[in-house]
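Chains as they are written, first to last, in this note's numbering: chain L, 965 to 1433; chain A, -10 to 87; chain F, 51 to 423.
Simulated from the structure, these hints should not be mistaken for lab results. Don't take each hint at face value.
[Stated by the list, open to error] Derived Cβ-Cβ restraints for the label pairs, each shown as a range:
1. 1255/L / 282/F: 50 to 56 Å
2. 1297/L / 240/F: 55 to 61 Å
3. 1255/L / 411/F: 57 to 63 Å
4. 1180/L / -1/A: 31 to 37 Å
5. 1116/L / 1/A: 15 to 21 Å
6. 1335/L / 37/A: 14 to 20 Å
7. 1399/L / -8/A: 44 to 50 Å
8. -1/A / 1027/L: 23 to 29 Å
9. 174/F / -8/A: 50 to 56 Å
10. 970/L / 1/A: 40 to 46 Å
11. -8/A / 1209/L: 58 to 64 Å
12. 1399/L / 228/F: 31 to 37 Å
13. 1075/L / -8/A: 48 to 54 Å
14. 1399/L / 302/F: 30 to 36 Å
Just so you know, even glycine gets a beta-carbon here, dropped at the ideal spot from N, CA and C.
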Amino acid sequence: MSELRDAYDVAVVGAGPAGLAAATVCARAGLATLLFDEQPAPGGQIYRSITTTPLKRATILGADYCAGTALAQNFLASGAQYVPGATVWNLTREREIGVSVAGSARLLTAGRVILATGALERPFPIPGWTLPGVMTAGAGQILLKSSGLIPEGRTVIAGCGPLLWLIAWQYLNAGARIDAILETVKGDGAASWRHAAAFATSPYLLKGLRMMLAVRRRVRVVSKVTALRAEGRDRVEAVAYRTARETEQRLPVDNLFLHQGVVPNVNLAMAAGIEHRWDDAQLCFAPALDADGGSAIPGIAIAGDGAGIAGAEAAQARGMLAGLAAVRALRPNAAVLEDVNAVRARLARFTRGRAFLDVYYQPAPQFRRPARDTLVCRCEEVTAGQIVDTVALGCTGTNQMKAFLRCGMGPCQGRECGLTVTELIAQARGVAQQEVGYYRLRPPVKPITLGELAGLPKNEAALRSVARG
Amino acid sequence: MFRRLPDVDGTMIEVIIDGRSTRVRAGDTVAAALISAGVLASRAADVSGAPRAPYCMMGVCFECLVTVDGVGNRQGCLLPVKSGMRIDTQHGKREVGR
Amino acid sequence: MSPPDVIVIGGGLHGCSAALHLARRGAHVTVLEKDHVGRHASGVNAGGVRRLGRHLAEVPLAVAAMELWHRIGDLVDDDCGFESHGQVKVAENDREFATLRARVDELTRLGFTHEELIDRAALKEILPAISDHCVGAIACRADGAANPYRTTLSFNRKAESLGVRFIESAAVTALARNGRVWRVESGAGRHEAAVVVNCAGAWADRVAAALGEPVPLEPIAPMLMITAPLPLFVKPVVGAAGRPLSFKQFRNGTVLIGGGHRGRVDRDTNRTELDFAGLAESARTVWDLFPVMRAAQVVRAWAGIEARMPDDIPVIGASSTSEGVFHAFGFSAHGFALGPIVGAIVAELVTGGKTNLPIAPFRIDRFVGRAET
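All chains, full assembly: derive it from the sequences and hints.
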């Protein structure tokens, strides 16, 4: 990592559409721009492996995916310094970044930081979800995009959300077998149709419908599933489900894919001290930001799905706005290619209609607050029952719960259990999720080795921080 | 269980999985390579010892932790395979210093 | 409801312990806690329970505390996660070893035998994983460690079972005399009692200032790190003579690394910020002392909010200005082990006006005349 300087004008974290767009804007305006990303190639999750996918038939993945190519190429040509395989594990209020690359850690600072760490799959805790052979739909998509691997044997996809239909469509294009789709949508008509008008004029409607109809023509879809369980000993062997009308049914499976939407990946933003609030429509915590993604911490902004789930095109627009704001702050006289108002209009266009999706695809309560015997914290193997019982003992907060039961203390740092724990505590106490809050997240937001830490270059600050006496 | 699409790019390289020489696709991550090689579980859960396998494939779930070239607890889904790499799934007691 | 006899300000371990011991003597106690019980230093410290290496003034208290710890279940109906595998302070060279020998000699002269000087061979026997360059150590074989949050909660629960009332989200905003009682205004309303006990930790100087006895308290944020689980390889808690270190492996295999490096703290917002350059120093210390740890993964770091006094020993005792007020704060990053005994001392002072343990060195007015006041 010797080519990394101690300071940059702008540091961007994440090489998805938001991060690529932000870094491109900044670099083209002449700012010393650095982009860190954990993956070996740009694209984030939605454009995963866009420059390296081994799939010869890009049509499998659809036209939307291919739109990422130009974005990645523009970034690679922009003059920004690109550091793949980099894990950012800390960000301070003074915009000091702690990062590791190839087993070596260092600290550096930036005048402005734009976090574009995107989204992750909403936890989908069902009994048996930790069995080998159970994966997220996103995991299946990654194996397809990055490795050209498709499931073999009996395959079921369960859950709700537009990505469910996308992966099913992509799998069918690739020739994979899908035995059933178990859809858990509540079908709460009244709530969603309030937003139907906006949705009807959004870009999402036609795309989504086409895909869904194409899948429904070829795959058995079970609707209004109210309960799910993965069964098996050392691996998943069957998925049991119930609907409003039927008693429990069982399907033998070799692969079970779960998906119930995506939520912002908050760990680095929260550890940096950015305030997050509960979003009642999207049922997750989202950061408090201004129109350009700026947080209350001067010089730190969030762009993309990490700012609020809105999809790839919105993410790109948000990235551009954050980048333009950074340019205005650091180099106000720089000429930029993008017109801020045009970008704002584009963002509005791509966020219109999301409200409908948010409400229609809201995961049902039993899939956010699972049955007692369900593992909630996968890392520390803590069940929903243990959490609810501990609330009854007087443990009223997420951090006390963590101290009591160790849930949230594993390496994933709450990414798979945090929302579930918040929801369970909120329900048990009869209060809102906002009042319960989320785990108090601390760095490193990803594990670093003692050796990496010990290898951090010494500086004046280190000598000063030693206690006297 | 996964299979490779027939018309997929990539050269095959040799790695050592749990002591066995195995051919995997260059460009795959360690986690994807294990899946393609039919290895079911990457590790055992810390508390119960139950088998665990990659769940998210994007660095979030930490189920894909394996030992790579002697260094334990690497997230396999973030590491591209390299020729000659030693990959060990993490079952049972880990040795101190790994 | 009749007014309490005693208001305790602060629901950390010392506040809960004082409340418990007072309740055992029949007092009606209300505890006012500004956040929630165990929220700050009490809940997030390294959990060390030691007599080893104590400031001489603290030694009698630590010795008395250790007796309580070994029977802690009798006091609070929970073992608090207390385990006794000893504490060891290693010397990395002959000069440090000579310092340790002088220390043991001094303690022996004063009649204390809990610290034992051990040579390289004996050290390797109890710490097989310690680096070969260490030449010897002091060992306190009956010392140990406990779970800080669980301990604080156990004192809290036991106190509640004896009738103590805990009120959370009740930051004290004003304290003043009202006739024969103290009137305490808080975020949870007004409370009055004849006696007030100041266990307000890193905020205790504000209570003291309101009583006309300001103290030079420094809020600090000692940093800690925890690793992913490792196979069990070390039983005692380990410190080093020549550099800050507190090193302990839990039953579940995780290793806690702490010992003196500080982050930044804002005690008005409960916010602490970690200083990774300082954590790097801790990592280098562990690297040198335990080579097997070099590939260990640090999964989280944190810092609690603690109070430090300039002489690194606490304030314990009656107020120097105000009748019916008692202090127990400023434990300077090593107050956890003293929790069980200090509460007993406070209860003795409140109910009988004196205590058998020597607390003169901890008097609140010892800072008068210092430049920092």
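Self-check item: Hint numbers contradicted by this structure
Solution: Hint 11 contradicted; others consistent.
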